[in-house]
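If you're matching them up, the sequences are chains V and C in order.
Heads up: the first sequence begins at 1 in this note's numbering, then just goes up one per residue.
Heads up: the second sequence begins at 1 in this note's numbering, then just goes up one per residue.
These aren't lab readings, by the way, just hints derived from the structure by calculation.
The structure displayed is predicted, hence computed values, not measured ones.
Incorrect hints may appear among the rest.
[As the list claims (entries may be wrong)] Label pairs and their in silico Cβ distance ranges: (1) V:Ile133 - C:Gly12: 23 to 33 Å; (2) V:Ser172 - C:Lys11: 42 to 52 Å; (3) V:Pro40 - C:Trp139: 41 to 51 Å; (4) C:Glu81 - V:Gly93: 28 to 38 Å; (5) C:Ile133 - V:Pro40: 19 to 29 Å.
Glycine is no exception: its CB is placed at the ideal position from the N, C-alpha and C atoms.
Number of protein chains: 2
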Amino acid sequence: MENLLRITDIKGYAPQIGRLISMMNYARFTTLEAVKDLNPEQLDFLLDPQSNSIGALLLHIAAVEYAYQVSTFEKRTLNEEELATWGPALDLGEEGREKIKGNDLAFYLTNLEKVRNRTLELFSSVQDDWLAIEEEFWWDKQANHYFMWFHVFEDEINHRGQIRMIRKKLLS
Amino acid sequence: MENLLRITDIKGYAPQIGRLISMMNYARFTTLEAVKDLNPEQLDFLLDPQSNSIGALLLHIAAVEYAYQVSTFEKRTLNEEELATWGPALDLGEEGREKIKGNDLAFYLTNLEKVRNRTLELFSSVQDDWLAIEEEFWWDKQANHYFMWFHVFEDEINHRGQIRMIRKKLLS
Numbered sequence: 001m002e003n004l005l006r007i008t009d010i011k012g013y014a015p016q017i018g019r020l021i022s023m024m025n026y027a028r029f030t031t032l033e034a035v036k037d038l039n040p041e042q043l044d045f046l047l048d049p050q051s052n053s054i055g056a057l058l059l060h061i062a063a064v065e066y067a068y069q070v071s072t073f074e075k076r077t078l079n080e081e082e083l084a085t086w087g088p089a090l091d092l093g094e095e096g097r098e099k100i101k102g103n104d105l106a107f108y109l110t111n112l113e114k115v116r117n118r119t120l121e122l123f124s125s126v127q128d129d130w131l132a133i134e135e136e137f138w139w140d141k142q143a144n145h146y147f148m149w150f151h152v153f154e155d156e157i158n159h160r161g162q163i164r165m166i167r168k169k170l171l172s
Numbered sequence: 001m002e003n004l005l006r007i008t009d010i011k012g013y014a015p016q017i018g019r020l021i022s023m024m025n026y027a028r029f030t031t032l033e034a035v036k037d038l039n040p041e042q043l044d045f046l047l048d049p050q051s052n053s054i055g056a057l058l059l060h061i062a063a064v065e066y067a068y069q070v071s072t073f074e075k076r077t078l079n080e081e082e083l084a085t086w087g088p089a090l091d092l093g094e095e096g097r098e099k100i101k102g103n104d105l106a107f108y109l110t111n112l113e114k115v116r117n118r119t120l121e122l123f124s125s126v127q128d129d130w131l132a133i134e135e136e137f138w139w140d141k142q143a144n145h146y147f148m149w150f151h152v153f154e155d156e157i158n159h160r161g162q163i164r165m166i167r168k169k170l171l172s
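Using the sequences and the hints, build the whole thing.
Written as structure tokens, this is what we have:
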């Protein structure tokens, strides 16, 4: 918390990894602020029948982070068991609306924290050159690991923006 | 575009500055994708009377970037003339809804581009140690320049998430 507004070194991590984690930490801080004190009914609220609930977006944020752990550190896609756990949250939409509901805030926060702790463990095992490793990604283009993890937190921020809109509507 | 999915060096900029610009470039690419082909009426559309239009959010993105140019490179706050230009877009809300409307997409894109070009010029004048310069910022905490510019693009991504929601509703 003391370094919340610094993108800088973090003890125990390589310099660039520390900066990446600094950005992820701030993004997460704001996500948690945006969902503070919401009850299960509010977490399930839908702005309209085609939209995603705040709960589903929270689980999506955890699911995306988990999926990128698997793709960048294990270089594989999710297996069937993992897809059973994370699939609805990854895909959102119809399946997400059906399967992700009735949970309290603690359920979502626990998932976010568990996944994040594993990310931090994995990050402590690599050096900065790991960020430069490339592979074919979207639109037949090369992407590096740095981009992939940038995308993890930029997707979180994107949905946090949506969560703020839904919350504003909920509490107005 | 060739480096769209790489967070890496950019010719003409210091290494860390290049990585920061890489992230800003990708964020901007997705913002532009999210507003493609919208007409003035769509840019003015309000999800509800308390919300912001896509047009206002686009001008907000340009305004925030301009404000951080002034605060981090010139170490001052906006003067009266600048506030007359950017104030409604910075503050959004009531004043934004009143004053930011009736513009076509080109108006917003021109503003975004002009401000971005100035950012790139300013970034080419500093080295990586500039990112570590700190000052008192939110909540009596120290923030460094890297954080402040991270915030510029994380605010853009936040609003891009909202723009996507509004666009989905508009086109559904």
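Among the hints numbered above, which are violated by the structure, and what are their numbers in rising order? 3, 4 and 5
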